[in-house]
Amino acid sequence: MAEKPRIALCWLASCAGCDEAVVDLNEALLDVAEGVEIGLWPVATDFKYNHLESMADQELALGVLHGAVRNSEQEEIAKLMRAKSKVILAFGSCACFGGTAGLANFRTREDIMNWVYLDSPTVVNPDATLPRTESLVNGKSLTLPEFYDHVYALDQVITIDYYLPGCPPPPDLILNGINAVISGDLPPRGSSLAPRTALCDTCPRNRTKPERLEIKAVKRIHEIEADPEVCFLAQGVICLGFATRTGCGETCIRVNTPCRGCFGPVPGVLDSGARTLSALSCLVKAGEYGDPRRLMESIDDPAGYVYRFSQPTSILGRKRRVENV
Amino acid sequence: MSKKITINPITRLEGHGKIEIFLDDEGKVEDAFWQVVELRGFERFCLGRPAEEMTRIAPNICGVCPSAHHMAATKALDALYGVEPTPTATLIRQLEYNAFVIEDHYIHFFFLAAPDFVLGPDAHPAVRNILGLIDKVGKETGLKVIEVRKRNRDIIRHIFGKAPHPEGGLPGGVPRRITEDDRKWIKETADFTVEFARYALLLFKEIVLGNEKYLELIQNEAYRLKTSYMALVDENRKVTFYDGKVKVIDPEGGEYALFDPQDYIEHIGEWVEPWTYVKMPFLRNIGWKGLSAGEGTSLYRVGPLARLNVSDGMATPLAQKEYEEMFEILGGKPAHNTLAMHWARLICALQAAEHNQMIASDPFLTSKDIRNMDLRLRREGVGCVEAPRGTLFHHYKTDRNGILTMVNLIVATQHNAAPICLSIKEAAREFVKGSDVKEGLLNRVEMAFRAYDPCLACATHALPGDLPLSIRIRDKKGDLIRTIERPGTAI
Amino acid sequence: MDAFDPKVVCFSCDFGWGFVSGHEALSPLVENWIPVTCSSKVDSVFILEAFEKGADGVLILGCPEGRCHFEDGNFRTEKKVYLLQKVLETYGIERERLRMVLSNNPEGERIPELVGEMKQALIKLGPIEKR
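Just so you know, the sequences run in chain order A, B and C.
Oh and the first sequence: position 270 is 270 in the working numbering, straight run, nothing missing.
Oh and the second sequence: position 176 is 176 in the working numbering, straight run, nothing missing.
Oh and the third sequence: position 63 is 63 in the working numbering, straight run, nothing missing.
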């Protein structure tokens with residue numbers, strides 16, 4: 001009788017939402033558990049990192065990693081999982097593109113440290129103490145890890161076999177993904193386990209999207225009472241559905257909230273932000289409706305909109321942790 | 001006797017939180033530290049973003065309690081724009097928020113806390129988890145737990161799109177209305193949840209209070225910490241999650257302060273230590289007195305037990321009865337028994353469930369009036385809620401375009417950071433004697449920690465969010481003699 | 001001490017700039033020169049990549065308003081540049097480093113002159129601080 005394939009789930013710089021998403025599979029999770037041996041998953045089993053180390057290389061059929069890479073420990077876990085897994089799945093927007101964590105790349109480490117420990121209005125720090133990698137308390141030595149000045153997406157640290165985007169990935173795609181790996185029925189390595197078209201294609205509002213979109217005034221979502229049936233762009237609200245891969249089920253759109261791009265770009269696009277900026281500049285109509293500068297200046301924080309989940313994979317933001325990855 | 005016993009020779013893996021226990025020459029615990037080893041900087045990388053995007057970004061602070069950050073952000077936007085949400089919007093928000101408190105409290109209780117009590121603190125780690133629990137209490141109960149979580153998370157999804165990561169709260173309102181068709185299944189969920197909540201408390205009383213050993217554990221001095229307490233209270237000084245004033249009581253139970261959340265800076269200071277990335281809040285006007293509890297302390301705790309200690313009672317009838325029973329058994333207010341947090345947690349969930357029953361029957365729930373559009377930018381606002389783990393503050397400042405220029409967050413687990421260190425020390429002193437410590441005894445130290453339901457993602461506005469932990473025991477010289485690695489529990 | 005010699009990448013529209021003199025005559029006079037069929041062909045990707053690959057400044061030369069051969073290409077360029085200037089600022093790159101001139105110059109002698117002017121302005125700004 002064939003042995004059950006072993007899978008492992010591990011987090012890096014993650015908010016734990018991706019773990020919750022797996023727990024959200026509910027009863028379906030128990031079915032999955034029938035067909036696989038969950039070798040490592042902190043919620044259900046008590047595992048130690050040395051279990052991973054003692055495994056043979058490629059012993060795991062599937063290694064699932066979520067979270068970005070922010071410090072040396074996370075890098076080591078990622079590499080360990082890579083060595084022990086036949087297939088590595090980058091699970092969630094943080095692993096796939098860097099995620100919300102990646103916004104920190106727009107600031108410097110000094111700026112963060114200074115605010116958190118010195119300048120915040122509630123801080124009381126008469127000696128200007130800062131956390132240190134080594135300190136002595138009553139003669140006892142305590143250490144803290146150092147971390148990188150940059151947040152990395154997972155494929156900037158190890159090679160990835162498949163990507164499952166989303167913040168978090170939705171249950172149906174999770175199940176399909178796990179089942180695909182177990183059955184071996186997989187697309188080419190390097191693919192996303194999500195549909196290939198943009199959100200616009202599946203959006204319930206796309207029939208209200210005009211043939212030629214001409215945004216004459218950009219509105220922020222709280223400035224209007226958005227019509228729950230009409231395309232956001234047609235209402236002048238920035239929605240990134242046109243630049244974002246579909247598969248989420250339009251969960252935000254359905255509660256009358258515009259898309260912020262957590263599923264990342266469609267296939268073939270590496271820096272979705274750049275393309276989105278070009279597209280936005282076409283959708284906004286200038287000329288007789290007001291001069292171009294004024295209209296574009298009214299879009300506050302374009303970088304925040306278009307790189308919300310993908311700063312570490314952006315052209316200007318990307319760095320490789322290891323060469324030839 | 002500095003025998004070096006290392007279970008995991010992986011000193012490079014610090015984990016996202018670690019506990020260091022130092023023994024003196026006689027092998028007794030001299031000191032214990034809980035170190036948070038991560039920092040992320042949400043407060044800084046949100047700058048330059050439009051303020052209304054905080055209800056999209058802030059939930060990503062934590063995948064376990066995203067609704068708390070979402071609601072604190074939404075309320076901070078209310079304050080920022082000087083706008084009161086419509087009555088219907090308030091009902092919708094409370095409905096979602098209660099559903100969140102419910103599912104979050106039960107996740108903690110059943111996945112993390114209950115295994116210690118149902119299977120016993122000495123049970124083997126391989127069974128001392130949710131699966132072992134289901135084995136012991138039966139699959140039916142297990143399915144009920146999954147069901148109550150799913151159904152309440154469906155309420156969250158219905159209102160704010162996703163769980164985890166609800167999004168879309170707006171100043172003065174909510175993005176979408178609730179229909180009469182929705183009301184039907186919402187009411188069913190509320191009724192189901194109240195029944196479950198009562199059952200959960202019955203289970204607790206049977207398994208925990210019905211067991212002398214556990215009752216003893218709850219009342220054990222090792223798990224008692226005399227601190228002040230902080231929580232939100234409503235206009236009747238009763239427990240509230242969504243909105244209220246901040247009340248602080250001293251260790252004897254007297255009222256120390258009652259203030260509007262926007263004045264939090266006057267009362268709360270954050271202390272910095274070099275050995276941890278988390279800042280430790282304390283009562284500013286008393287001043288930092290170090291890591292010490294008891295009389296004169298400036299440390300305070302937040303969370304379910306704090307809520308019950310600080311308030312004059314629960315806001316709903318069934319929960320109120322449970323509140324009275326709890327304090328009778330514990331011998332009065334305030335109760336300093338850390339493990340009683342688990343009990344209080346279940347009572348809070350019951351109140352949230354009862355409240356949702358009321359909301360589900362409220363005629364205004366389905367009105368179309370979900371947005372108050374009278375927005376006047378004040379350029380500063382504070383939003384405060386009772387997150388499941390305790391009081392949460394979001395403070396924003398913007399320029400005249402509503403673009404963020406300052407963000408200051410104080411989160412629940414932060415308030416508890418210093419008390420957690422003390423609780424660990426007390427528990428370690430009681431249970432760790434010498435380096436030869438059985439796993440079950442170490443688990444009892446962890447139980448002190450676990451009662452707080454700490455959320456590391458929140459504590460450092462950090463990602464990662466969960467609880468991989470390593471406990472190290474060192475001798476007088478600082479040499480490592482024992483390490484226990486817990487890659488942690490994700491939720 | 002090495003003097004800072006800024007690298008400028010210059011995109012220019014063939015319909016408005018230098019078409020009389022031609023590429024062969026002009027290219028020895030302009031470093032990092034990329035003539036294009038319309039300034040709107042300069043996608044955001046190229047501008048960002050120019051900075052990523054070490055440019056200290058990017059100059060885009062397009063046609064005057066109302067004179068685009070493709071009707072609204074230069075409008076799109078304008079809008080794109082304003083947006084990108086904001087994005088660059090978020091990355092810590094001063095918006096003066098991305099410049100656009102909408103005009104025309106059939107002989108093309110202004111191309112190297114404008115590049116030179118930009119270099120002068122960039123010397124004052126200094127090199128980009130690598131984050």
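Among the clues, some could well be false.
Derived lysine to aspartate or glutamate pairs resembling EDC-like cross-links, with alpha carbons at most 16 Å apart [what the hints assert, rightly or not]:
| hint | chain 1 | residue 1 | chain 2 | residue 2 |
| --- | --- | --- | --- | --- |
| 1 | A | K285 | C | E71 |
| 2 | A | K140 | B | E30 |
| 3 | B | K368 | A | D227 |
| 4 | B | K397 | A | E27 |
| 5 | B | K368 | A | E225 |
| 6 | B | K477 | B | D181 |
| 7 | A | K140 | B | E212 |
| 8 | C | K86 | A | D301 |
| 9 | A | K140 | B | D479 |
| 10 | B | K139 | A | D127 |
| 11 | B | K144 | A | E27 |
| 12 | C | K86 | A | D119 |
| 13 | A | K319 | C | E65 |
| 14 | A | K285 | C | E49 |
| 15 | A | K140 | B | D31 |
| 16 | B | K139 | A | D227 |
| 17 | B | K150 | A | E27 |
| 18 | A | K319 | C | D72 |
| 19 | A | K285 | C | E52 |
| 20 | B | K289 | A | D31 |
| 21 | A | K140 | B | D25 |
Listing some non-contacts, in silico: residues in chain C with all C-beta distances to chain A over 12 Å [as the list claims (entries may be wrong)]:
| hint | residue |
| --- | --- |
| 22 | L29 |
| 23 | E31 |
| 24 | D43 |
| 25 | A50 |
| 26 | I93 |
| 27 | P106 |
| 28 | R110 |
Treat the hints as calculated values from the structure; they're not laboratory data.
Here the structure is a predicted model, which means the values were calculated and not measured.
Ideal Cβ positions, reconstructed from N, Cα and C, are used throughout, including at glycine.
Taking the hints in turn, this is what the structure says about them:
1. Straight-line distance between C-alpha atoms of K285 of chain A and E71 of chain C comes to about 14 Å, which keeps the hinted pair within the 16 Å bound.
2. Note on K140 of chain A and E30 of chain B: the hinted pairing holds, with a Cα-Cα distance of about 10 Å set against a maximum of 16 Å.
3. At most 16 Å may separate the alpha-carbon atoms for a hinted pair to count; K368 of chain B and D227 of chain A meet this at roughly 12 Å.
4. Between K397 of chain B and E27 of chain A the CA atoms are separated by roughly 44 Å; this puts the pair beyond 16 Å, and the hint is violated.
5. Simply put, K368 of chain B and E225 of chain A have alpha-carbon atoms about 12 Å apart, close enough for the 16 Å limit, and the pair holds.
6. For the suggested pair K477 of chain B and D181 of chain B, the alpha carbons sit about 68 Å apart, so the restraint of at most 16 Å is broken.
7. This hinted pair does not check out: K140 of chain A and E212 of chain B have alpha carbons roughly 39 Å apart, beyond 16 Å.
8. The straight-line distance between the Cα atoms of K86 of chain C and D301 of chain A is roughly 7 Å, inside the 16 Å bound, and the hint therefore holds.
9. Restraint check for K140 of chain A and D479 of chain B: satisfied, since their Cα atoms lie roughly 10 Å apart, inside the 16 Å limit.
10. Between K139 of chain B and D127 of chain A the alpha-carbon distance is near 56 Å, which puts this suggested pair outside the 16 Å criterion.
11. In summary, the hint linking K144 of chain B to E27 of chain A is supported, as the alpha carbons are separated by about 11 Å, within the 16 Å threshold.
12. Of the supplied pair hints, the one linking K86 of chain C and D119 of chain A is violated, its CA atoms being roughly 27 Å apart against a limit of 16 Å.
13. Taken as a hint, the K319 of chain A and E65 of chain C pair is broken in the structure, with Cα atoms around 39 Å apart against an allowance of 16 Å.
14. With a CA separation close to 26 Å, the supplied pair K285 of chain A and E49 of chain C exceeds the 16 Å bound.
15. The suggested pairing of K140 of chain A with D31 of chain B holds, with an alpha-carbon distance near 9 Å, which does not exceed 16 Å.
16. Simply put, K139 of chain B and D227 of chain A have alpha-carbon atoms about 45 Å apart, too far for the 16 Å limit, and the pair is violated.
17. Our distance criterion of 16 Å between C-alpha atoms is met by K150 of chain B and E27 of chain A, whose separation comes to about 10 Å.
18. Our distance criterion of 16 Å between C-alpha atoms is broken by K319 of chain A and D72 of chain C, whose separation comes to about 36 Å.
19. Restraint check for K285 of chain A and E52 of chain C: the C-alpha separation of about 29 Å exceeds 16 Å, so the hint is violated.
20. Distance hint between K289 of chain B and D31 of chain A is unfulfilled; the C-alpha atoms sit about 54 Å from each other, more than 16 Å.
21. Between K140 of chain A and D25 of chain B the alpha-carbon distance is near 14 Å, which keeps this suggested pair within the 16 Å criterion.
22. Interface exclusion of L29 of chain C from chain A stands, the closest Cβ pair being 29 Å apart, more than 12 Å.
23. Residue-level check passed: E31 of chain C sits 22 Å from the nearest beta carbon of chain A, beyond 12 Å.
24. The Cβ of D43 of chain C sits about 5 Å from the closest Cβ of chain A, inside the 12 Å cut-off, so the non-interface label is violated.
25. Interface exclusion of A50 of chain C from chain A breaks down, the closest Cβ pair being 10 Å apart, not more than 12 Å.
26. With 12 Å as the threshold on Cβ separation, the claim that I93 of chain C sits away from chain A is violated: the shortest Cβ distance comes to roughly 8 Å.
27. For P106 of chain C, the condition that its CB be more than 12 Å from all CB atoms of chain A holds, with the nearest at approximately 25 Å.
28. The claim that R110 of chain C lies off the interface holds: its Cβ sits roughly 23 Å from the closest Cβ of chain A, which is beyond the 12 Å cut-off.
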